[in-house]
Amino acid sequence: MRIFQYILLSFLVVCAISVSFSKKLLNSILIFMSYSLVMSIIWICLESPDLAITEAAVGAGITSVLFFVTLKKIHAIEENNQAGEKESMIEQRRR
Amino acid sequence: MSRVKPEDEYKKTKAFHFFRWLSGEKDPYIGNLEMKPQKEYIEGKEALKERMRENRMVMDKVYNTRYNKWLLLFRRFYRIMAVLFCMMLAGLLLFTVSYLPPTGNASNPDNNEVAERYIESGMQETGAVNIVTGMILTYRAFDTFGETNVLFIATCCVMIMLMIEDEELKKQELTNDRRFEPKNDAILQGAAMILVPVIFIFGIYIILNGHLSPGGGFSGGATIGAGMILYASAFGFKKTQRFFDEKIYKVTKVSALCTYGLIGIYYYVTGANGWENHIPLGVPGHIVSAGIIFPINICVGIEVACTMYAFYALFRRGGL
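Taken in order, these protein sequences are the chains called W and X.
The first sequence begins at 1 in the working numbering and counts up by one.
The second sequence begins at 1 in the working numbering and counts up by one.
Just chain X, with the same shape it has in the complex:
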């Protein structure tokens, strides 16, 4: 059995030092290490001239194609080899394609029991009229969950790289934003006024009817995202921020992913253990039917729409 060490003895151990460092109570380098702020390096005029001269010399010597025969030779060789390499690659790929079995052949390897099962008993098992959505969101719900996570991580990475926190930079970005664009473009605004509601309604229709008609979460979400981009580019970010700012973005995105995860976990656990699934399938053809497909479609749609809009906003001005 371990006993509690007295306080003085514990303070000498490495664990105490580690946790003290982890919680940030004491920085071991303060006081021991010489720290001073870096001086700004100001380049003198002479040094600048010297550097320019060196630069020009390098340019004259290395890139002077009239005297540098080797460079000329290398460039010619490089071009010929590039063309040859591309042709070889294309030939190799075409050669491989010529060995593929013809499409529609009954003995092709893709005509196996998996596709047969999907087509024959897909509708009874998933309740979706659209076989593609039924397949993606029930038989392969785990794959789709991974794809949704990829979208989430991609936006996180773009945010880490392009998000601007500094106030000065933010102001600068705002002034730069509309440099080559008219402030209130009448044609663009008129077109957006008519098109944006139609695009939104079409996107929502695609998402909600994902299990009945072609489409689903991804295509509907992309459509809504495109509509939001059109709205933002026509009327500016101040108008979009009224209904979609950073706080709402975070809440919707995380909650959509979590909802998908929770529904998915229930589905995977019951399926893997052979337990009875309590989610009703409903009547095929009705709008609220097909078990988990309906809520998952909505989650994926929100996720994709947020991703598309966030990409645009972050690329454009480094903030939502």
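Looking at chain W on its own, in the form it has when it is part of the complex:
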């Protein structure tokens, strides 16, 4: 059980670092989602199931859905579909 917890904790650290280093916003949200899921398993290991339920519902479910909706609203997701128009604002202006 202890080794399992250590594996989960190291996974948390890896997730937290890779969220800030991933280039695409969509990927970072997915990593953040998995971070919340692992966190909820750790809460169960720490014998607080109350927090585990809340973390699974709010952290992994609702927060990431809200992030997805926000990304769609600011048109950050459609970058993947239109690979030809992948230019930053500055580059477009310099033309």
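It is worth saying that the hints were derived from the structure and are not from the lab.
Where hints are given, some of them may not hold.
Stated by the list, open to error - If you want a taste of the chain X side facing chain W, the calculated C-beta under 8 Å gives, among others:
(1) VAL132
(2) GLY215
(3) ILE229
(4) MET308
C-beta atoms are modelled at their ideal positions from N, C-alpha and C, and glycine is treated no differently.
Once you have looked at the hints, place chain X on chain W.
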């Protein structure tokens, strides 16, 4: 003693003018101030070209890293300082953490009479088997009331910012809503068909058994909210509006908060004055027991579920 002023004299006073302005009978600026509707500003082609040229010039001069050595230097300096600052902050925090007492030590400051009281006599005083819920909703019911109010105010603010009243914009939003999504996704709908009832029942179970098993109003409400979001994203907002539209949302949300407030007021007043509390505690372990915890759990659950769903709906299309 004050006497009633005659009508003509009263009309000259400032109070009369103030109340007339407040009730909107007469606007003092109409007729005195020149008012005309603003003309729409149409930019000529020449002005547009000029502006573009200026813009390009600024871009070339300021962001041209090949010639602008200062900018290059500043960027390098900024990056190094950012890394240094983060490392310093992390070091400072780790240094502080190393001075904290070890966990599980008997002489730690958190092992005081408050925790002892909660653990030893929590069950007799609140009637809840789950000590955490008993503590949150009876000893600290005032804190939880504040948190529920925070949720209420947060949804009000999101509504003020994102609610769309205009009909044209609403139609536009509807067409934009499913731009990158298939209209009837078979996999999503099939999964939602099986999962949504289970999620709802699990959420209701968590709320109703808040005083017996782990969970409570907040976690159960969040679960129900997540289930509603899944349902709405699978079947569209027209289906959810059959049982949860704006009117029902307002009624449930306000009435849940008011019920919590009324129960809370009774509890605070009797507790503060040392009066006898007439709410029976019941037998610990039964589903209807533990006094005020049971109704308050339901109120908090409704509040949280409404908040979560409203956030999603307002973010998604600016209306419930």
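We went through each hint and held it up to the structure:
1. VAL132: This interface hint holds because 6 Å falls under the 8 Å limit.
2. GLY215: holds (6 Å)
3. ILE229: Status holds, d = 6 Å.
4. MET308: OK, holds: X/MET308 within 8 Å of chain W, min 5 Å.
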